[in-house]
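**Q** Here are the chains, one letter per residue:
Protein chains: 2
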Amino acid sequence: MAGGRVCLSLNHMSTGGVSRMVNKLRFAQVGLGPMGVRLCKLALEKEGIEIVGATERANLGKDVGEVIGLGKKLGVTLTDDLNAALAAEPDVVLHSTLSSLELAKEQLATIIKAKVDIVSTCEEISYPWQTQPEIAKELDTLAQENNVTVLGTGVNPGFCMDTFPIVMTGVCQKVEKIRVARVQDATCRRLPFQEKIGAGCTPEEFEERKASGKLRHVGLRESSDMIAGAMGWKINDYRETIAPIIAKKEISNEYLTVKPGQAVGVEQIAISMMNGKEIIRMEFQAYLGAPESYDTVYIMGVPNMEVTVKGGIQGDIATASMAVNAMPRVINATPGLLTMKDIAPVHPYAGDWSKLI
Amino acid sequence: MAGGRVCLSLNHMSTGGVSRMVNKLRFAQVGLGPMGVRLCKLALEKEGIEIVGATERANLGKDVGEVIGLGKKLGVTLTDDLNAALAAEPDVVLHSTLSSLELAKEQLATIIKAKVDIVSTCEEISYPWQTQPEIAKELDTLAQENNVTVLGTGVNPGFCMDTFPIVMTGVCQKVEKIRVARVQDATCRRLPFQEKIGAGCTPEEFEERKASGKLRHVGLRESSDMIAGAMGWKINDYRETIAPIIAKKEISNEYLTVKPGQAVGVEQIAISMMNGKEIIRMEFQAYLGAPESYDTVYIMGVPNMEVTVKGGIQGDIATASMAVNAMPRVINATPGLLTMKDIAPVHPYAGDWSKLI
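As given, the protein sequences belong to chains A and B, one line each in that order.
This note's numbering runs 766 ahead of the 1-based position in the first sequence.
This note's numbering runs 766 ahead of the 1-based position in the second sequence.
Please note that a few of the clues may not be correct.
Just so you know, same-sequence chains aren't split out, so a pair can sit in one copy or run between any two.
Said to hold, decoys possible - Calculated pairs, DSS-like style, for lysine-lysine (alpha carbon to alpha carbon, straight line, at most 25 Å):
id, residue 1, residue 2
1, Lys943, Lys1076
2, Lys940, Lys838
3, Lys1076, Lys790
4, Lys940, Lys1121
5, Lys881, Lys838
6, Lys943, Lys1014
7, Lys1121, Lys1014
8, Lys828, Lys838
9, Lys962, Lys881
10, Lys790, Lys1000
It should be emphasised that the hints constitute simulated quantities derived from the structure, not laboratory data.
Start from the sequences and build out the full structure, keeping to the hints where you can.
**A** Now the structure itself:
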C-alpha cells in the first residue's frame, strides 16, 4: 500500500461522493483546423457533452455550429483570445493546434493556469519526457500545482505504435524487442495527404521536401520513448530515416499519375538501440499502391507475438475518436502531465457522458 | 476537475514523495497449485521481488523454493494458515486458489483485513458487478475501508476477450457490436487440458461431463459484462451454450486417438443481447486439429475493425504474466475492487520492480 495510488474505478466515481452538480461534460475547442473540426463534431455527437468555448485564427466572431457545418448555431462564438474561450469554465479543452510542443507550450500553460484539463493532439506532448524533458517537467509541475491533467493522444502517436504494443505485452513474461509496422495505401486518401507523403515527386524533389521537414511524420520518437519507458529500457541511440518508395511502373488515381522512377510515397524508419542492441523498430510506410493497409505489432519475447489490425487503423477517424474518448479519463485522472501508458483504457461510451465525470 | 481522480503516473510515483523505504516488492503466494507455481516462479525471476509467505494444503512445512522446483530454499515455509502467510506484511498477494468467488470470498476478505493488496486469478472476480453484485459490493467496501486494492485478472477473463477488445475500441467513434473469437488447437496442450475439453468423449460422455460442470470455461459472462460496462450497454439477456466439436475423421496425437463421431473438443458460445439485439458475441473453441490457433476481435462500428493475434495467446504463460505484471499497478492503485478496464496498461518491466512501487 506504499506510494501514490494509481487508478480509481469509474464505477467508484459515478457512485462515490461527487459533490459537483454535473449537468453536462463541458469542453472548449482550442484550434479549429481540419482536425479540430473533426474533434468538435465528434464530441458534439455524444449525449451529455456541450461546447462552451472555441478558438481559431479564422472565422472570428462566427458561431462554431455554423463554422463546423452543423447548419445551426450553438451559441459559442469563435475567438482568437484563449482566455475568452476559457471564461465559461470548461471541464476540459480539446487542444488541436500544433505538432510542436515548443510552439504549443504557451497555449497549454494558459489553459493549465485557467485550471482546465487538456486532451491534446500535439504529437510532441504524447511522451515528451526524453525529447523535451525541461518543458515536460515545467508543464507537469504547473499542472500539478493547478490540479489539472494534461494528456497528449491520437492515433499515432497515442495508440497504434505505442499504447497498442504496450498493452499487448501484458501477456508476456518478458520482452526482448518490439517492432511495429504501420503500412497505409494512400490511394484513397485526400490529395493533401498524397502530397504530404511525396507522391509524384522525383527523387530530387523528394529530397528537397524532406530537407524542408514537410515529409516527416512526427511522433515515432515519442512512441519509441513511451514503449521504452513502460518496458524499463534506456535508449542509448536513436536513428530515424526517411526515404522515398519509388514507383516501378506507372500508377495513377483520381488525383495523380506517378511515373516509374518517381516517388509513390514515403518510408520512415525509427530504430532505438540499447547497449548496442536494436530494441524497438518502427516502420511507417504510406504510399500509393500498397497491396494492403495494416498495423502489425511484433513482440519478440516469451512468448513471441504478432498482432495485426486488418486494413490498418484509419488515421483521421482514429485521432478524433481517441481524443474525444479520452476526455472522461482525463477529467477524472490525477493531476500532472500524463501519457497514454499511465491511464486506464480509453474507449467510447454509448450513454450520457456527463455520468462519467 | 470534478469527481475523483483516476490515474497517477508511475513516473510520479517513482519521483514523488514516497516515504516508505522500499527494499523489494514483497508478495505472498496464496495457492500453490499448477497455476500458483507458475505465478510464483515468474514473480521470483524478476529483479526486486521477494516472496514472504505462501499457503497451500499440500507440502505443509516444506520450503517454497523446493516445492516449486527452484532446487534451493527461500526461507518461506508452506502453511495452510492464511494469517500466518500474511504475518510478514507483503505488499501484495498473488491469489490463485479457486474459480468460484463464492468459495474464494472468505480468503479474499481475510487478506483484505490484513491490509494487503490482491491480484487474483479467480475468474469470477474479474468482473463480478453483474453476476454477484452483493459479494462485489461487500468486497469493494471492505477493500476501501482497509485501503487496499483487489483486482481479478489473467488471460481469459482478464485480457483476450475483454481488456483487449475494450482497448481496441479506443480508436472508434462508436461501437455497435463486439465479437471475440478465441480458437485454440489443443494438439500440443497437456493431457489434462485435452481431457478438460472433452477430447475423445462420445457425444453421451460429453453431455455427462457438461452436466457435471467439468467442461465449462469460466469467465465468458464476466468478460461480456466488462465490455458492456465499458461501452455503457445494458445486457438484458445472456445465453451461453456448450457443444462438442465432432471428429469427421480419426485424429490422434501422443496422448489420444479420437474416432470419427467422438468429440475433438468444445465450442462455448456466449451471446449478450440488449433490447433484442445481439451486442456481444464470444466464441471459445478448443479442439484437436484446429487448423490454427488465433484470437480475433471484431468490432462493428465506426470504423469496423478486425484484430488478430496470430497463433493465439498462450493460456498458461499469459495468465501468469498478466497476474505478475499487474502487481505494481495494483499496489499503486486506488482502493477498492477494481477490474482490468479501470487500471492503466499492465506490462512487463525489465528493471528493478521495487522502483515501481
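**Q** Now look at each hint and say whether the structure bears it out.
**A** Against the structure, the hints:
1. In the homo-oligomer, the alpha carbons of Lys943 and Lys1076 lie at most 25 Å apart both inside one protomer (22 Å) and across protomers (17 Å), since each shortest distance falls under that limit.
2. With identical chains, the CA atoms of Lys940 and Lys838 are at most 25 Å apart between copies only, with a shortest distance of 23 Å across copies and 54 Å within one.
3. Taking identical chains as interchangeable, the C-alpha atoms of Lys1076 and Lys790 are never at most 25 Å apart, the minima being 36 Å within one chain and 42 Å between chains.
4. In the homo-oligomer, the alpha carbons of Lys940 and Lys1121 lie at most 25 Å apart only across protomers (17 Å), although the nearest pairing inside one protomer, at 38 Å, exceeds that limit.
5. For the identical chains of this complex, Lys881 and Lys838 are neighbours neither inside a copy (30 Å) nor across copies (56 Å), given an alpha-carbon limit of 25 Å.
6. Taking identical chains as interchangeable, the C-alpha atoms of Lys943 and Lys1014 are never at most 25 Å apart, the minima being 33 Å within one chain and 42 Å between chains.
7. Proximity of Lys1121 to Lys1014 under the C-alpha cut-off of 25 Å is found in neither arrangement, the shortest distances being 55 Å within a copy and 53 Å between copies.
8. Taking identical chains as interchangeable, the C-alpha atoms of Lys828 and Lys838 lie at most 25 Å apart only when both belong to the same chain, with a minimum of 12 Å there against 75 Å between chains.
9. Taking the shortest Cα distances, Lys962 and Lys881 never come within 25 Å of each other, neither inside one copy (36 Å) nor across copies (56 Å).
10. With identical chains, the CA atoms of Lys790 and Lys1000 are at most 25 Å apart between copies only, with a shortest distance of 21 Å across copies and 43 Å within one.
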